[in-house]
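S.K.: Single-letter residue listing:
2 protein chains.
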Amino acid sequence: MATIKAAILGFGTVGQGIYHILNEKRQELKHKLGIELEVAKILVTDASRERVPGTAHLMTTSMDDVLAEPGMQVVFEAIVNEEPAFSYLKRAVEHKCHVITANKVMFAKKGLELQQLAKDNGVFVGYEATTAGGVPVIKTMKNILLVNDVSRIQGILNGTCNYILTKMRAEGWSFEAALQEAQKLGYAEADPYNDVSGQDAFKKLMVLSALAFGEQPDWADVEVIGIDGISAQQVEEATAKGLRYRHVAEVEKQANGKIVAKVEPLLVDAEHPLYPVEDVNNAVALDTNYIGTLTLVGPGAGMYPTASVMVEDYAEIIGKRAGFIVTI
Amino acid sequence: MATIKAAILGFGTVGQGIYHILNEKRQELKHKLGIELEVAKILVTDASRERVPGTAHLMTTSMDDVLAEPGMQVVFEAIVNEEPAFSYLKRAVEHKCHVITANKVMFAKKGLELQQLAKDNGVFVGYEATTAGGVPVIKTMKNILLVNDVSRIQGILNGTCNYILTKMRAEGWSFEAALQEAQKLGYAEADPYNDVSGQDAFKKLMVLSALAFGEQPDWADVEVIGIDGISAQQVEEATAKGLRYRHVAEVEKQANGKIVAKVEPLLVDAEHPLYPVEDVNNAVALDTNYIGTLTLVGPGAGMYPTASVMVEDYAEIIGKRAGFIVTI
Chain A
1 MATIKAAILG FGTVGQGIYH ILNEKRQELK HKLGIELEVA KILVTDASRE RVPGTAHLMT
61 TSMDDVLAEP GMQVVFEAIV NEEPAFSYLK RAVEHKCHVI TANKVMFAKK GLELQQLAKD
121 NGVFVGYEAT TAGGVPVIKT MKNILLVNDV SRIQGILNGT CNYILTKMRA EGWSFEAALQ
181 EAQKLGYAEA DPYNDVSGQD AFKKLMVLSA LAFGEQPDWA DVEVIGIDGI SAQQVEEATA
241 KGLRYRHVAE VEKQANGKIV AKVEPLLVDA EHPLYPVEDV NNAVALDTNY IGTLTLVGPG
301 AGMYPTASVM VEDYAEIIGK RAGFIVTI
Chain B
1 MATIKAAILG FGTVGQGIYH ILNEKRQELK HKLGIELEVA KILVTDASRE RVPGTAHLMT
61 TSMDDVLAEP GMQVVFEAIV NEEPAFSYLK RAVEHKCHVI TANKVMFAKK GLELQQLAKD
121 NGVFVGYEAT TAGGVPVIKT MKNILLVNDV SRIQGILNGT CNYILTKMRA EGWSFEAALQ
181 EAQKLGYAEA DPYNDVSGQD AFKKLMVLSA LAFGEQPDWA DVEVIGIDGI SAQQVEEATA
241 KGLRYRHVAE VEKQANGKIV AKVEPLLVDA EHPLYPVEDV NNAVALDTNY IGTLTLVGPG
301 AGMYPTASVM VEDYAEIIGK RAGFIVTI
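For the protein sequence lines, the chains are A and B, in the order given. According to the numbering used here, the stretch in the first sequence is residues 1 to 328, in order. According to the numbering used here, the stretch in the second sequence is residues 1 to 328, in order.
Everything labelled a hint here was simulated from the structure, so no lab data went into it. None of these values were measured; they are calculated from a predicted model. Treat the hints with caution; some may be incorrect.
[Said to hold, decoys possible] Under the rule of at most 25 angstroms between Cα atoms (straight-line distance), these lysine to aspartate or glutamate pairs were calculated in the DMTMM-like manner:
#1 B/142 / A/24
#2 B/32 / A/24
#3 B/32 / A/316
#4 A/142 / B/149
#5 B/142 / A/113
#6 B/30 / B/316
#7 A/253 / B/24
#8 A/258 / B/287
#9 A/142 / B/120
#10 B/258 / B/278
[To be verified] What follows is a list of derived Cβ distance ranges for each label pair:
#11 A/220 / B/30: 36 to 44 angstroms
#12 A/184 / B/180: 39 to 47 angstroms
#13 A/50 / B/142: 49 to 57 angstroms
#14 B/199 / A/121: 48 to 56 angstroms
#15 A/49 / B/270: 26 to 34 angstroms
#16 A/80 / B/242: 28 to 36 angstroms
#17 B/83 / A/223: 52 to 60 angstroms
#18 B/149 / A/112: 32 to 40 angstroms
#19 A/266 / B/240: 24 to 32 angstroms
#20 B/193 / A/223: 48 to 56 angstroms
Glycine included, every Cβ here is placed at the ideal spot set by N, Cα and C.
Pulled out of the complex, with its shape left as it was, chain A reads as follows (with noise of 0.2 angstroms):
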């Protein structure tokens, strides 16, 4: 059976999370794919500190050395912030390995050109896990998409606002009570500020309108609205009005072509399919021609969910290239 090679670049929560379901997974994979991924590389920036038993001899702080490996053919992603981790999925695709990444920071910005990198090199850009964590929203959209047109994006793109927000009406905590608790729980950064303030929703949500229509909205032109003005006493008054805040991210094709988007919290009814969308889950609702709206709602973040999906990306790119007929 073959074997390829994988390298995991970033060890945090999302990396450790793929090595391992990739190893509890290991010999179903194998099975299901008949192919046997090993994990031959982890790429750190210290690599003294083994974070989990057994992977210290596989700790390398260059990516020359990544690529160096005889073999590797598929690079999981899971860096913070744009650099180095553009440059190293450049590096990856022109070395002709695969790339997977949950990084949105750098994919908001610069995942049009890596996939159009990766298409000239004959590779594949999974990305499911920049968005929306454990919620399948890129594979399903990209199916949609075959046979309808997308028209309006509207969702909820952060677990830690929407675990806030609950907390607060649910609760009755202020939001730095809120805050505070979702930083304990692991959910919120220890700085919050891309959290809070919206810019990481705006950057999934730049990622869905790349998607969708082939571009984004001039992001000077996107007026991004966080949640940290909301009191206690705002929620208290819509709770008793029986209206609840999300913060919403929206991104819509207009008649005239076009792009428009926004970041805002909004207050909804029980009506309303983001109403019931609680704690950490997100939300995305796409508008379509053919089908009519289309609604997915799961965990936006976490360890497991979004390594998961990262792992789905890889037996979806295995499952491309095995053992179909080509003479079409």
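The hints should help you fit chain B onto chain A, whose structure is shown.
M.R.: Chain B alone, transformed into the frame defined by chain A:
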């Protein structure tokens, strides 16, 4: 450019929808897939009645005639009932045609057999349209199952029942009045027994069970309760308590490996994910080990949603066979 030929078996609402979408999207599909698809035969029981202008010369009442067409490679099936649909598809598969079906009655019973036969003949079976109309639950679950285990499936799988329950609540109509309106709008069949008794939802649930667990429960062990016993009085009382009736189909793999299923009306409150799922929408919630619970909501019936997912099945099949490197 390669041209391949397709047949449509059954030319009612869904069959006509396929024909319209293939015509409207002809250039786009050709461009995206690199292959031109031509509808060369339409199988009907009465070939003298031209349902869509310009299709008279494509009509036939003979499956021999369909398969005798040179270059026939794809068969869309939108017939009701198990036979002759299964016999036709069996012949098509043995003729090395890919088959794409919307027939849940046939597929609930013969799906596993048809898929094995297709595998033996090196062709694909698309069956997204058998379950939940435009909601891509089959593709989503197939993808999830590459990495995750699914332990439980819960859903609203019949759009007519959901429409009736919605109207009884929102408009105060009786069951009979809501059913009549559903028939007038073309949601319910002239004989609505399969819808309101839960038999239709049950068949779809069995399709999902076969996919998730590789098997179905013994059909005789599954309790199927319809919505025809729900009175306007009961709905009014539920509404007063903030509750809504939903017709819920559920299948679960228990810890001992036993598959247990049921179909029944349930009362749900505003916190329940099925609460805002109204009108002819369907919904499916999948409990998985890595991702958690993923919920999909969208139109459960109708010409275009159903036909659209069938054309997506076709595009997916072509995509699997086209232009990929096979050295792995």
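S.K.: What hints, given by number in increasing order, does this structure fail?
M.R.: Structure breaks hints 2, 5, 8, 9, 10, 12, 13, 15 and 16.
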